[in-house]
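Visitor: Read off the chains here:
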Amino acid sequence: MRGALPHALPENGGFLRVRFGEEMGTNDRKKIRNDVILAVVLLLLAAAAMLFWQLQKTEGDFAVVLIDGVETARYALDTDTEVEIITDGGGTNTLVIRDGEAFVETANCPDLVCAGHRAISRVGETIVCLPHKLVIKIAASTDAGGVDMAA
Amino acid sequence: MQGKAKRLTFLGLAAAVALILSYVEMLLPPILTAVPGIKIGLPNIVIIFLLYRFGIKDAAAVSVVRLAAVTLLFGNPVMLIYSTAGAALSLALMALCKKCGLFSAVGVSIVGGVMHNLGQILVAMLLLETAEIGYYMIVLAVSGTVAGVFIGLCGIALLKAMKNVRF
Chain A
99 MRGALPHALP ENGGFLRVRF GEEMGTNDRK KIRNDVILAV VLLLLAAAAM
149 LFWQLQKTEG DFAVVLIDGV ETARYALDTD TEVEIITDGG GTNTLVIRDG
199 EAFVETANCP DLVCAGHRAI SRVGETIVCL PHKLVIKIAA STDAGGVDMA
249 A
Chain B
161 MQGKAKRLTF LGLAAAVALI LSYVEMLLPP ILTAVPGIKI GLPNIVIIFL
211 LYRFGIKDAA AVSVVRLAAV TLLFGNPVML IYSTAGAALS LALMALCKKC
261 GLFSAVGVSI VGGVMHNLGQ ILVAMLLLET AEIGYYMIVL AVSGTVAGVF
311 IGLCGIALLK AMKNVRF
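Top to bottom, those sequences are chains A and B. Here our numbering is used: the first residue of the first sequence is 99, the next is one more, and so on. Here our numbering is used: the first residue of the second sequence is 161, the next is one more, and so on.
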């Protein structure tokens, strides 16, 4: 490139300077370096958090149903069952427990994010239905049920 | 057209473009159904442009108009709480990052993307009174960074293309 078109390239700055402008700071190598550092640090932080979360999670014992932050029911994961959860304003979500995993089979919420969520079975995993203010989370039997809600 | 009228006209146009980009983003299929909330953040191209060419006040004004219009047209009040938290935190931190002079528009946009997601997760934690959904933030930090790079490059391209337009 440089050999073929020496006049097209500025002394310093290179590709980004040619493509973009001055006022955005992209001709400043330090700023581009800082951008890269920022992105790498964020990705490393996420990777570390992911690793930590994967290592510390264990299989849970209960699927706990929280409506508007308040526990309304809990179902043992070792018993297959199917329940319809009814929330304020006529919202319904069908919670299914099968093979030690909990998932939402159907719901009448507008976005159906909860129904698209994969099955959960490990402590701390959640399925959230924002429109119905419903959270289904997995807890271990050692958890004090309903006592430590705000933690 | 002169001065103020020209600026105001352009800002109105920018708000319209941001609104259209919000709509286009809604039409795109979800990237990962397991984690809701992963978005490219197309309207942020407009906000980045305004932040660099007009300043934080005008960027905030256009952001408010976009949020109001999106809520009226496609959303509901609960969604407004989420999007306002995301947009406000994102814009505030982007302005700060631009001011400190350490990053280019790409870095600023990365901060915007991640902070937008963080704002929404914090609101979800408050509204649902459940701290556990914080783990979504891991995935959303990655998606915010990747989206931020893309949006930042788009923003720079737009700034470059509009370089000779005077307001």
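These are calculated hints, taken from the structure and not from any lab test. Treat the hints with care, since some could be wrong.
Under the rule of at most 25 Å between Cα atoms (straight-line distance), these lysine-lysine pairs were calculated in the PhoX-like manner [to be verified]:
#, chain 1, residue 1, chain 2, residue 2
1, B, 259, A, 128
2, B, 217, B, 259
3, A, 128, B, 323
Visitor: It remains to establish, for every hint, whether it holds in the given structure.
Guide: Hints and how they fare:
{"no.": "1", "hint": "B:259 with A:128", "in the structure": "holds (15 Å)"}
{"no.": "2", "hint": "B:217 with B:259", "in the structure": "holds (14 Å)"}
{"no.": "3", "hint": "A:128 with B:323", "in the structure": "holds (23 Å)"}
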